[in-house]
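Student: As a plain string of letters, each chain reads:
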Amino acid sequence: MTQPRTLFQKIWDSHLVDTQDDGTCLIYIDRHLTHEVTSPQAFEGLRKTGRKVRAPEKTLAVPDHNVPTKDRHLPIEDDIAQLQLDTLEKNVREFGIPYYPMDDIRQGIVHIVGPEQGFTLPGMTIVCGDSHTATHGAFGSIAMGIGTSEVEHVLATQTLLQAVPKTMRITVNGKLQPGVESKDLVLAIIGQIGTAGGTGYVIEYAGEAIRDLSMEGRMTVCNMTIEGGARAGLIAPDEKTYDYIKGRPMAPKAGAYEQAVEYWKTLPSDEGAVYDTEVVVDATKIEPYVTWGTSPEEVGPVSGSVPDPADFAAQGKEAKIQRSLEYMGLTAGTKITDIPIDRAFVGSCTNGRIEDMRAAAAVAKGRKVADRVSAMIVPGSGLVKEQAEQEGLDKIFIEAGFEWREAGCSMCLAMNADRLETGEHCASTSNRNFEGRQGRGGRTHLMSPAMAVAAAIAGHIVDIRDLD
Amino acid sequence: MEKFTQLRGVAAPLDMVNVDTDLIIPKQHLKTIERTGLGKYLLDELRYNEDGSEKEDFVLNQPAYRDAKILVAGDNFGCGSSREHAPWAIDDFGIRCVISTSFADIFFNNCFKNGILPIVVSPEDLEKLMDDAGRGSNAVLTVDLEAQEITGPDGGTISFDVDQFRKHCLINGLDDIGLTMEKENKITDFEAKRAQSQPWL
Chain A
1 MTQPRTLFQK
11 IWDSHLVDTQ
21 DDGTCLIYID
31 RHLTHEVTSP
41 QAFEGLRKTG
51 RKVRAPEKTL
61 AVPDHNVPTK
71 DRHLPIEDDI
81 AQLQLDTLEK
91 NVREFGIPYY
101 PMDDIRQGIV
111 HIVGPEQGFT
121 LPGMTIVCGD
131 SHTATHGAFG
141 SIAMGIGTSE
151 VEHVLATQTL
161 LQAVPKTMRI
171 TVNGKLQPGV
181 ESKDLVLAII
191 GQIGTAGGTG
201 YVIEYAGEAI
211 RDLSMEGRMT
221 VCNMTIEGGA
231 RAGLIAPDEK
241 TYDYIKGRPM
251 APKAGAYEQA
261 VEYWKTLPSD
271 EGAVYDTEVV
281 VDATKIEPYV
291 TWGTSPEEVG
301 PVSGSVPDPA
311 DFAAQGKEAK
321 IQRSLEYMGL
331 TAGTKITDIP
341 IDRAFVGSCT
351 NGRIEDMRAA
361 AAVAKGRKVA
371 DRVSAMIVPG
381 SGLVKEQAEQ
391 EGLDKIFIEA
401 GFEWREAGCS
411 MCLAMNADRL
421 ETGEHCASTS
431 NRNFEGRQGR
441 GGRTHLMSPA
451 MAVAAAIAGH
461 IVDIRDLD
Chain B
469 MEKFTQLRGV
479 AAPLDMVNVD
489 TDLIIPKQHL
499 KTIERTGLGK
509 YLLDELRYNE
519 DGSEKEDFVL
529 NQPAYRDAKI
539 LVAGDNFGCG
549 SSREHAPWAI
559 DDFGIRCVIS
569 TSFADIFFNN
579 CFKNGILPIV
589 VSPEDLEKLM
599 DDAGRGSNAV
609 LTVDLEAQEI
619 TGPDGGTISF
629 DVDQFRKHCL
639 INGLDDIGLT
649 MEKENKITDF
659 EAKRAQSQPW
669 L
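Residue numbers (the numbering used here), protein chains in the order written: chain A, 1 to 468; chain B, 469 to 669.
With the rest of the complex left out, here is chain A:
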């Protein structure tokens, strides 16, 4: 009788190439995504040492961080950004790596593109020089962000040296209430465990509320795992997973697909498998959540108020919260729904999928963006954009006063021209509310797509459940 194993342990064990005496593991990497920002120094490293890419077909390159989201027919104004994009193109040509250039309909944010193309499959190890690689864990794979040195290691050897992480299971019992989305769920989880709560762990999400989520919703939850400190978050594959994958361009074809599904069905954690830590969350208690500070853990229900820094003294975070409120221009006791909004951003690898576009459009339909607000919708990929346009969502957004842009990371990290000005409050569906993240001095409030659109329309944060 073998020991019951977790989903994570099964995938890890099946990728072990070697274990050193000290326990460090050499694990095989099935898929590698790469983009223009964290790869140039890795390719340069290969050139300097005369090394080759071991398995070019297991890497997929897509520019996303730097790309402009409008006027793509014009040259990019930022020469340095252009050089980085040109460098990616040069590198993929030299090393023979599959690549979707900016004018390809399949171009988009790497973490939207991977699942969309069927590049992401259950039971895999997937890495990318980007911390939001955790997204792909929604398919029941070990997916994690790596640094550029590790990117070079993967390119050269198709493996990574890793210490075995600890395992945490977060079980979300019950059902999410109307108006509460996967984004609210993951923000509530981060509020509960803290931004370092998952450090050293891989998190498996389980429970009724997780099973009830669509694949898009599961990707949103796994995506923000890193905001809770864990490098990877994963969810057991099920019928929803198999249905999502079927027929995608890089998914296994008929015959192989059935064989793959049989294997994928063996992946879910065994009854009695043991985790290092267990966390239980009650889905029925979760409201729409909004961040008020400058760390994803500085978050609370929309019905609440900005807290008093003194309440954080016991955690030793009073000074941090004080600094956050000063940066955000907020005073303790202000109702969350009284926070004014100047900008709104719907998009990113957290909330740039078709379901997010539909949720945003459902709120925007027949309404108008407030005069004081400048708002933009940025689809996560060219294919999401095309699908949204086929459904007429672009017209709804434009009529409501939103800008409808081309695919890219955009104002999630503001590397391109899309950024906040000092002091502006932004209702954002992205993943980080760090100081300066969306532009120096910019003030980010993380929330769901429906909440961001509602805030853009009202000109202040609103409770989506109060909309008629």
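Some hints here could point you the wrong way.
Stated by the list, open to error - Below, in silico cross-link-like pairs of lysine-lysine (DSS-like), each with a Cα-Cα straight-line distance of 30 Å or less:
#1 661(B) <-> 10(A)
#2 365(A) <-> 175(A)
#3 58(A) <-> 654(B)
#4 471(B) <-> 10(A)
#5 471(B) <-> 265(A)
#6 166(A) <-> 654(B)
#7 52(A) <-> 471(B)
#8 48(A) <-> 635(B)
Hint data in this document are derived by calculation from the structure and do not stem from the laboratory.
Put chain B on the given structure of chain A with help from the hints.
Tutor: Structure of chain B alone, referenced to chain A:
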């Protein structure tokens, strides 16, 4: 990679928790295709005003800390983005050791790949080291990786844990990729087996 054995230098205190990699090196500096030259942008928004002038009161702008080789910081240092530009900026500034009560996983890994030693200490030890680091030009610490010991300005020592494989690589300046390539046969065997068991991959 440059070897790390013993380091003696001024330690700068950065008494903040959750210092994220966006704060360590903001996005406008990620457009580079080089690893070097990022030191002047380290902690950019804490160090400089919007017009580019220095913020005088910020620790790294004070005369005693301009050549700091060690950084003592609050809990959860390096959280957020995986950008290796963060340790590149730290290294390029001249800092080769960061001490905190905890580090985010990706940043922690990235440090070792760049010859930087991240040291985890207890909250009590951090308080003491933060105090030591507050002594300006007298804030000199000695970090001995071989002995796994930090010696303060008063001669007191604090011992620390480090993963033995990582220690070995740092002390010898070893390149991970070179080590892994010695296991090429094992990788090839693994690939052959998987082509059999999971042909759809």
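Student: A separate judgement is required for each hint: does it hold in the structure or not?
Tutor: Hints versus structure:
no., hint, result
1, 661(B) <-> 10(A), "holds, 17 Å"
2, 365(A) <-> 175(A), "holds, 27 Å"
3, 58(A) <-> 654(B), "holds, 18 Å"
4, 471(B) <-> 10(A), "violated, 37 Å"
5, 471(B) <-> 265(A), "violated, 47 Å"
6, 166(A) <-> 654(B), "holds, 26 Å"
7, 52(A) <-> 471(B), "holds, 26 Å"
8, 48(A) <-> 635(B), "holds, 25 Å"
When held up to the earlier numbered hints, the structure conflicts with 4 and 5 and fits the remainder.
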